[in-house]
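Novice: Spelled out, the chains give:
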Amino acid sequence: MNVQLYVWQRLTAALMAPLVIVHLAVIFYATRQGMTAADILSRTQGSPAWAAFYGIFVAAAAIHASIGVRNILSEWSALSERRAGLCAIVLGAALALLGFRAITALVLT
Amino acid sequence: MSEAISELSVSLWRGGREGRFETYTVPRRQSQTVLDVVSFVQRHIDPTLSYRFACRVGVCGSCAMTVNGKPRWTCRTHVSKVVAKPVGGRLEIGPLENLPVIKDLTTDMAEFFEKWQAAKGVFAPSRTRRDAIAQIRPDTPARAAANAAIECINCGVCYAGCDTVRWNSSYLGPAALTRAWTLVNDERDGGNAARLQAVAAAGGCHACHSHQSCQELCPQALNPTAAIAGLKRRTAAAYLKGEIKT
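As you go down the protein sequences, you meet chains A and B in turn. For the first sequence, counting from 1, position 79 maps to 79 in our numbering; every step adds exactly one. If you count the second sequence from 1, you need to add 1000 to reach our numbering.
Hints are computed from structural coordinates only; laboratory data are not their basis. Just so we're clear, the structure is a prediction, and the values are computed from it rather than from any experiment.
Partial list, computed: chain B residues near chain A (C-beta under 8 Å):
no. : residue
1   : 1202
2   : 1207
3   : 1244
Virtual Cβ for every residue (Gly too), placed ideally from N, Cα, C.
Bound-form chain B, shown alone:
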């Protein structure tokens, strides 16, 4: 760990749904991440602080929190990126919005993953192990579109930053719909009839207002808005052809 270069005042959410921000002073270091700050508080100041992380390298998607008002992956967010002033800057860290708070900085992700399932985000195989392996050309439009959610780490940042989720509790959310769009374009998948039906219902892709917060906030630089627009087009066409019902 590098030497402290100054001190940093950080406010952390303490409590459940009802709670308050409490302020701590931590050493400011070179290349310090927001997760480093939270970990310092938990290890050196208050071991009862609850938060969630695993890999610390932007792969597992478990450390997302609200940092100075925006949802971010804390392990890959340098303090210097979110605190404008090197000395005396403000750092406020809370749990992700749009999800129930369990305690302090941890949220209950159950509804996020239940919606992922409701959008039929599970691959539905169309072949058996005795069939030949599907040959997918990398340069086809469907294969390119299937990239939409391949790098998604399910951190919940898009869900926490989505206005539509905030207004409409039944909305499936950007991550689940982007995953659905990947599978819609996966030539090996055989579950599209049920998937299109699921995402075309109330709370599905047509509830999206295309505010594009998901695209702006996604730490993986994915574009859920474009994926959802693709689902809107595909489900509208399927509806007009009578392939899905309302």
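Isolated chain A (complex conformation):
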């Protein structure tokens, strides 16, 4: 890992720390209140705040996880740094795609 990847990974970690806490709090609140999927969707659909919250979360998670996986692959597998990097980009793109697709379903539909 070089300094650029290090800074991105630490910044996205710092960004995600409060987001994870809010995310967990929302899960606890929704389950303890016995909210149904329809109840949740009625609050999230059309909400720019939830779109921004989870949009930032997905972007940060995709970047953070792909840098970590790149590191694991380059240290623990026979892949070269370049190939490990390519695999990590594919993983990051997949995470971002799945995440943004879920946000679209949560907020837009």
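Given the coordinates of chain A, work out where chain B should sit on it, guided by the hints.
Specialist: Frame of chain A; chain B shown alone:
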């Protein structure tokens, strides 16, 4: 030399990269060091045994070996410290790990010192002999941080015990990075731009996982993990300010 109090069975690595442990019986003595055991085998049992030492007092850093699975400086490691039982204990001595074995207990330290150079571990003077001698206050934070590697004897124990070196052959290693951190904090040094650039690249300080084996194993009780953490902070700040590139 003190009288033998019993006998000790010791297994020594024989051969190069491919080889085997061979067992020898040596006299067990009071205050005996691991280096004493190796020297006894070489002088009295098998003169073809290869190993490296010089000062025998923990200054030169040349006698490090793997002792019962851990890298140690053998001249300052008493047998009683590593062999639990006074009689019938196990002593297994091999070459340092993470370095190519030349023969028996000697390793090729070239890559260790090449990485020391790659981390810009050489002092870069910023004054000439015609300038006044730099006045460095001993109580400044930078001067205290510069202590990081001053007592390093380059024995290679931290390098041999480092998991990251084992996994990542391009990693510069604890000793080289600690030396770099000392120079980063040396107010007289003028080579920091190149040094920060060197340690911020792939294989530099950011590859460290902070396992702290170096800190635990360092015979001089230095803390390379803390020095590397300092480099991580300093290079990240320099990168964000645009002072170094990737």
